[in-house]
Each structure stands twice: as C-alpha cells, then as structure tokens.
Amino acid sequence: MKKQCAITIKNELPEIARVVQVFDRFWKSHNLADEAVNAVHVAIDEMLSNIVLHAFEDAETHKIYIKIILTKEAVILEIRDDGKPFNPFSFAQTKADTESLLTERPIGGLGLHLVTSLMDSCEYHYLDKHNCSILRKNY
1003 MKKQCAITIK
1013 NELPEIARVV
1023 QVFDRFWKSH
1033 NLADEAVNAV
1043 HVAIDEMLSN
1053 IVLHAFEDAE
1063 THKIYIKIIL
1073 TKEAVILEIR
1083 DDGKPFNPFS
1093 FAQTKADTES
1103 LLTERPIGGL
1113 GLHLVTSLMD
1123 SCEYHYLDKH
1133 NCSILRKNY
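Residues 1003 to 1141 in the working numbering are what the sequence shown lists, from first letter to last.
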C-alpha cells in the first residue's frame, strides 16, 4: 500500500483550513487510526502556521507544497516552501521551557517541540532554494 495526496497553497493563514479539508477527505477514504491522524493534523497546523508567519521576508505571494504519503507502516508528511532557510527541528531540539509560568517563558518554540514529540521522525533539507521538511508518524 502506497497512497498519496498533495496540495499547493498560497502563504496565507486561511489556506491552512483548505489543507485540513483536503486531507480529512483523504484520511476518511483510507480508514487511518485516530492517533496518527491527530498527530499529523497538529504537525500540519503548526508547520504551516510557522511557514506562513515567519518564512517570507517580502509581502509577495509564495507557494507551499504539502504531500501526504501512506505506506504500510507510516504516514509521511512532506512540506516544501521557498522561504528563508530554516531548520525547524534544530530549533525544536533546544529544551522547551515547560516549567516556568507562561508569562515568564520566551515566546515561541512550544509548537515545534510538540510536533517533534508527536512524530516518530523529523528531517529537514534545504534543496534547490527550498526548505523541505519530512515528518513521519508510524501506525
């Protein structure tokens, strides 16, 4: 079994809802376990939000490519964008402050920390002037 679904969106926050709708139809047609679906939903939302809000230094429209691949063992999420080079997983590897009061914590980082803790593997590559993140959630 190797099935996939892909979508390209603009770098606008409302586009994230469109991604979720497309992938929700895909999940339903393949009867995936809720745990895997929920983890990938969180990853999609967090990764795309960060890209839309932080990756681009201009006000131009950019495209973000998202692909889901189902194998016998896992859901694989691939996200590509042409924003400034940034490895979200090296940022997430720094220990997230979960002990301090919310008002005393630095802003940012918890979402990426959550993504890396929910997924079984996270890889980053910068290829052909594009950020490429590959996340894997085993069943």
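To be clear, the hints were calculated from the coordinates, so they are not data collected in a lab. A couple of the hints might just be wrong.
So the derived label-pair ranges between C-beta atoms look like this [said to hold, decoys possible]:
#1 I1009 - K1131: 18 to 28 Å
#2 E1062 - V1022: 18 to 28 Å
#3 T1063 - A1008: 11 to 21 Å
#4 D1047 - I1071: 11 to 21 Å
No experiment lies behind these values; they were computed from the predicted model shown. For every residue, glycine included, the Cβ atom is placed at its ideal position computed from N, Cα and C.
Taking the hints in turn, this is what the structure says about them:
1. In this structure the hint that I1009 and K1131 lie 18 to 28 Å apart at CB holds, the actual value being about 21 Å.
2. Distance hint check: the CB atoms of E1062 and V1022 are about 24 Å apart, consistent with the given range 18 to 28 Å.
3. For T1063 and A1008, the Cβ-Cβ distance of about 19 Å falls inside the hinted range of 11 to 21 Å, so the restraint holds.
4. Taken as a hint, the range 11 to 21 Å holds for the pair D1047 and I1071, whose Cβ atoms sit roughly 19 Å apart.
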